[in-house]
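Student: Sequence:
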Amino acid sequence: MRKTALFLFIFSFALASCVDEIYLEVPSEKSNLVIDAWLGPTSSQSYVRVYRSAPFLSGSIAPNYVKVPVTRMYVEVESGEKVYFRNSPDSALYYRPETERHFESGKRYRLNVVTDEDEYQSDWSLMPEPSFFDGFEAVAKEKPVYVISGSTLVLVNGASADLNVNITNPSGEEVGYLINTTGVSEVFTTGDAENCVCNCYMDEPLLFSGMNLESSGSGNSPKPVTLAELDVTSLGRFHIWSTIKTISQANLEYLQLINKQQRNTGSIFDPAPFKIKGNIKSVSNPEKEVLGNFMVFQENAFNQMVYRSAIYQQNPALPFAFDATGHVKFNCKEYYPYSLPYTPEPFLP
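Start counting the sequence shown at 88; every next residue gets the next number (my numbering).
Read the hints as simulated data drawn from the structure, not as lab findings. The beta-carbon is built from N, C-alpha and C at its ideal position, and this holds for glycine as well. There could be a bad hint or two in this list.
Distance ranges between label pairs, derived from CB positions [as the list claims (entries may be wrong)]:
#, residue 1, residue 2, range
1, S118, R195, 44 to 54 Å
2, M298, T186, 24 to 34 Å
3, L427, D249, 18 to 28 Å
4, S118, D210, 15 to 25 Å
5, E374, N244, 51 to 61 Å
6, Q348, K420, 14 to 24 Å
7, A280, N244, 29 to 39 Å
8, K375, G237, 54 to 64 Å
9, H414, S308, 21 to 31 Å
10, Q132, P373, 48 to 58 Å
Derived pair list, reagent style BS3-like, types lysine-lysine, alpha-carbon separation capped at 30 Å [as the list claims (entries may be wrong)]:
#, residue 1, residue 2
11, K169, K154
12, K117, K347
13, K364, K117
14, K364, K169
15, K347, K364
16, K310, K347
17, K194, K310
18, K364, K194
19, K310, K117
20, K368, K154
21, K228, K310
22, K364, K310
23, K194, K420
24, K375, K169
25, K375, K347
26, K310, K154
27, K362, K375
28, K375, K154
29, K194, K169
30, K368, K117
31, K362, K117
32, K117, K169
Make the full structure from the sequences, and use the hints.
Tutor: See below:
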């Protein structure tokens, strides 16, 4: 994506020109056991990772986690049934359940992990009911946006739209929603050739800063939630894909603590870093420090075509600002080198 590439170039130049590298001796700290467990309604949505924590190093993309030997791992159903999780040589830290297993809503589940050193067990967790969606709406608002002007990015007063949908959970209990949204943007160029491929399509993976977490509130009334915020800097169409995990209120509060730490800027107004304990404990020593959590969830998908031209027409009072339209010889990849090499299915005639 052209705009993303410009951002990265400016950021890299700033780092290279303004920062000297300083190497410090950092005292080693004892690592903790981490059990990161997600149980969805099917085997393919479920996994457990077991490893030792690693120190965070700025600029490190893949922390050097150490795999922990596991002798036995299973999810226990309250009725007494056990579903075993197994690790294959090519799956690194991941353990997955037996194939073709389903985990039903309304039932309670508990994770059990036995290592060479100890046995660990989670709290009982209720599989929530699946949620439902309706009432999609794009709500436009005034906002500073970056637009492409020639080969530079310019911050101007423009407009964006909150992409909202109503979510209802039939259980009547307060639950949480973990929302992940990606999209594809249609962008335009002008061309000299008669058969110019002047429309391109760009992946837009970052549509929300940090974790997108919401609470359903009490009762089973529809809750409006924002799937993503879309800068309206083009009149091309935009297609969003969202996955919404419905989780318990306790697991929502756990993720909110993680989100708070991830958004920590290091200012004096931010809380000091702290270890976040989940719902997994050592059977022999409940006070032993164990990181990670057993997350039980339902997952639904939602997708929608957004017409930015309609947002523009319906909000004449907003100060929309648009990217400059590039001019090419044969196809728009000359101007948008990271565009997709094909037309995604939602955009086909």
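Student: Hint by hint, say whether it matches the structure.
Tutor: Hint-by-hint comparison with the structure:
1. S118 with R195: 44 to 54 Å: violated (31 Å)
2. M298 with T186: 24 to 34 Å: holds (30 Å)
3. L427 with D249: 18 to 28 Å: holds (26 Å)
4. S118 with D210: 15 to 25 Å: At roughly 24 Å between Cβ atoms, D210 and S118 fall inside 15 to 25 Å, so the hint holds.
5. E374 with N244: 51 to 61 Å: Holds: the Cβ-Cβ distance is about 55 Å, inside 51 to 61 Å.
6. Q348 with K420: 14 to 24 Å: violated (40 Å)
7. A280 with N244: 29 to 39 Å: At roughly 36 Å between Cβ atoms, N244 and A280 fall inside 29 to 39 Å, so the hint holds.
8. K375 with G237: 54 to 64 Å: Holds, since K375 and G237 (Cβ atoms, about 59 Å apart) stay within the stated range.
9. H414 with S308: 21 to 31 Å: Given about 51 Å between the Cβ atoms, the range is violated.
10. Q132 with P373: 48 to 58 Å: violated (29 Å)
11. K169 with K154: Between K169 and K154 the Cα gap is close to 24 Å, so the pair holds against 30 Å.
12. K117 with K347: Judged against 30 Å, a Cα distance of about 24 Å means the pair holds.
13. K364 with K117: holds (16 Å)
14. K364 with K169: Satisfied, since the Cα-Cα distance of roughly 25 Å is no more than 30 Å.
15. K347 with K364: holds (14 Å)
16. K310 with K347: holds (23 Å)
17. K194 with K310: Distance ~24 Å between K194 and K310 Cα, so the pair holds.
18. K364 with K194: Distance ~24 Å between K364 and K194 Cα, so the pair holds.
19. K310 with K117: violated (43 Å)
20. K368 with K154: holds (19 Å)
21. K228 with K310: Holds. K228 to K310 sits at ~20 Å (cutoff 30 Å).
22. K364 with K310: Holds: K364 and K310 sit about 29 Å apart, inside 30 Å.
23. K194 with K420: violated (51 Å)
24. K375 with K169: Status holds; Cα separation ~25 Å.
25. K375 with K347: Between K375 and K347 the Cα gap is close to 24 Å, so the pair holds against 30 Å.
26. K310 with K154: violated (41 Å)
27. K362 with K375: holds (13 Å)
28. K375 with K154: Since the Cα atoms of K375 and K154 sit roughly 19 Å apart, the hinted pair holds (cutoff 30 Å).
29. K194 with K169: With Cα atoms ~13 Å apart, K194 and K169 stay inside 30 Å; holds.
30. K368 with K117: holds (18 Å)
31. K362 with K117: holds (13 Å)
32. K117 with K169: Violated. K117 to K169 sits at ~33 Å, over the 30 Å cutoff.
Hint violations for this structure: numbers 1, 6, 9, 10, 19, 23, 26, 32, all remaining hints satisfied.
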